[in-house]
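Peer 1: Protein chains in written order, with our numbering: chain Z, 71 to 259; chain D, 21 to 233.
Watch out, some of these pointers could steer you wrong.
Straight-line alpha carbon distances no greater than 30 angstroms define the calculated DSS-like cross-link-like pairs of lysine-lysine that follow [stated by the list, open to error]: (1) Z/K212 / D/K44; (2) Z/K250 / Z/K204; (3) Z/K250 / D/K145; (4) D/K44 / Z/K242; (5) D/K44 / Z/K96.
By construction, these hints were calculated from the structure, which means they are not laboratory data.
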Amino acid sequence: MDRTTHNESLRRREIDLQTLFLSGLKGSQADYARFLRELSTHLRGFLRARLLRQPDEIEDLLQEILLAVHNGRQTYQSDQPLTAWVFAIARYKLADFYRSRSRHDGLNDSIDDTEELFAEPCLEPAQASRDLDKLLQELPDKQRLPILHVKLEGLSVTETASLTGLSESAVKIGVHRGLKALAAMIRGK
Amino acid sequence: MNTDDLISMLSTGVEPVDPRAIAKRFSLAILIGGVGALLVILLRFGVRPDLAEVATTPIFWAKIAFPLSLMVGALLMVTRLSRPGMTAGGGKLWVTLGVAAIWVGALYGLAVAPADERVAMVLGKTWKVCAFNISLLSIPGFIAVFWALRGLAPTQPRLAGACGGLLASSLATLAYCLHCPEMAVPFWGIWYLLGMLVPTLVGAAMGPRWLRW
Numbered sequence: 071m072d073r074t075t076h077n078e079s080l081r082r083r084e085i086d087l088q089t090l091f092l093s094g095l096k097g098s099q100a101d102y103a104r105f106l107r108e109l110s111t112h113l114r115g116f117l118r119a120r121l122l123r124q125p126d127e128i129e130d131l132l133q134e135i136l137l138a139v140h141n142g143r144q145t146y147q148s149d150q151p152l153t154a155w156v157f158a159i160a161r162y163k164l165a166d167f168y169r170s171r172s173r174h175d176g177l178n179d180s181i182d183d184t185e186e187l188f189a190e191p192c193l194e195p196a197q198a199s200r201d202l203d204k205l206l207q208e209l210p211d212k213q214r215l216p217i218l219h220v221k222l223e224g225l226s227v228t229e230t231a232s233l234t235g236l237s238e239s240a241v242k243i244g245v246h247r248g249l250k251a252l253a254a255m256i257r258g259k
Numbered sequence: 021m022n023t024d025d026l027i028s029m030l031s032t033g034v035e036p037v038d039p040r041a042i043a044k045r046f047s048l049a050i051l052i053g054g055v056g057a058l059l060v061i062l063l064r065f066g067v068r069p070d071l072a073e074v075a076t077t078p079i080f081w082a083k084i085a086f087p088l089s090l091m092v093g094a095l096l097m098v099t100r101l102s103r104p105g106m107t108a109g110g111g112k113l114w115v116t117l118g119v120a121a122i123w124v125g126a127l128y129g130l131a132v133a134p135a136d137e138r139v140a141m142v143l144g145k146t147w148k149v150c151a152f153n154i155s156l157l158s159i160p161g162f163i164a165v166f167w168a169l170r171g172l173a174p175t176q177p178r179l180a181g182a183c184g185g186l187l188a189s190s191l192a193t194l195a196y197c198l199h200c201p202e203m204a205v206p207f208w209g210i211w212y213l214l215g216m217l218v219p220t221l222v223g224a225a226m227g228p229r230w231l232r233w
């Protein structure tokens with residue numbers, strides 16, 4: 071039956087995504103990147119269905135959700151469906167987006183339908199109008215430099231520590247706080 | 021920065037996540053709230069002089085059980101609500117049962133008491149300061165619990181804020197039991213509850229603003 075196949079594919083997607091994500095939580099960079107890439111195709115489809123009248127906002131909101139997923143990844147509990155967790159984050163960010171827009175838009179687009187989260191994957195990314203690179207430049211050095219060396223140049227924490235003169239734990243904290251600050255800057259815009 | 025660059029930035033050098041991170045955050049918050057409230061009790065209010073005697077009576081432990089059940093309930097709820105996609109869960113039961121038990125006890129106590137003692141049972145000697153003292157004692161825990169929540173991802177900030185306020189204030193009430201001389205159940209049912217309600221309402225009011233992420 072159609073319905074069974076549909077449910078079966080949803081279930082398989084849940085398992086696939088969860089496996090990658092859990093492996094990412096244990097520190098696997100490759101699996102985590104694959105998880106984020108697969109997630110973003112689903113989220114893009116989800117957002118496109120929700121933001122019919124604001125197609126220019128899709129990529130910006132997608133990036134904001136990915137950052138929120140990353141910053142909140144410690145709140146995932148492995149016995150919880152990953153889909154439900156991601157959906158709650160996406161819905162929270164979407165509601166935030168609607169709130170910051172006109173009230174009119176918020177009342178017209180229903181955001182309560184969970185079925186559509188993974189409904190139609192959308193692969194081709196649009197251009198993001200917000201420039202995260204520019205926002206990164208605004209971070210204080212003790213956050214900007216750890217992100218620059220560890221997350222953008224791919225240096226190890228130890229290398230970054232000796233390069234910047236920060237301690238290793240300060241480098242880790244700088245990355246963590248910097249990404250949170252980045253999310254806060256996006257929110258404030 | 022396009023989305024592929026963002027994904028590669030987020031995944032590069034990703035650190036393993038501690039699966040007990042939430043438990044550790046709230047343990048620390050409770051420790052700070054508990055020690056903070058105890059210090060205020062010791063330095064400002066003083067421990068009740070008959071604590072050693074009264075600690076051997078069942079009624080004292082019934083008094084402790086009331087804020088304790090609310091604290092357990094609030095903790096269960098707030099740890100769930102700090103995760104996206106989770107409901108408040110079974111913690112509501114602990115809160116409801118705790119309040120129901122104290123009210124049943126209060127009504128029974130009033131019913132069997134002589135009419136001219138009832139007002140004294142409700143007001144005790146300290147009704148004017150009780151709720152205020154409990155709210156005051158909640159402040160260290162309130163700050164610590166909101167710190168814990170701000171590092172997490174509550175998607176229902178009003179409810180999470182309320183449960184955070186209740187967690188802080190029930191912890192404060194536990195500490196207040198070391199000082200407070202009142203031993204009539206109706207007193208607890210009104211003034212303790214009111215004292216815990218104030219930080220709960222502040223948490224609910226401020227949650228949407230303070231817990232945005």
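Peer 1: Each hint: holds or not?
Peer 2: Now the hints, each set against the structure:
With a C-alpha separation of about 25 angstroms, the suggested pairing of Z/K212 with D/K44 holds against the 30 angstroms cut-off. Restraint check: the Cα-Cα separation between Z/K250 and Z/K204 comes to about 16 angstroms, which is no more than 30 angstroms; the hinted pair holds. A C-alpha spacing of about 49 angstroms is found between Z/K250 and D/K145, which places the hinted pair above 30 angstroms, so the restraint is violated. For the given pair, D/K44 sits about 18 angstroms from Z/K242 by alpha-carbon distance, which is consistent with the 30 angstroms threshold.
Between D/K44 and Z/K96 the alpha-carbon distance is near 18 angstroms, which keeps this suggested pair within the 30 angstroms criterion.
Of the numbered hints stated above, the single one contradicted by the structure is hint 3.
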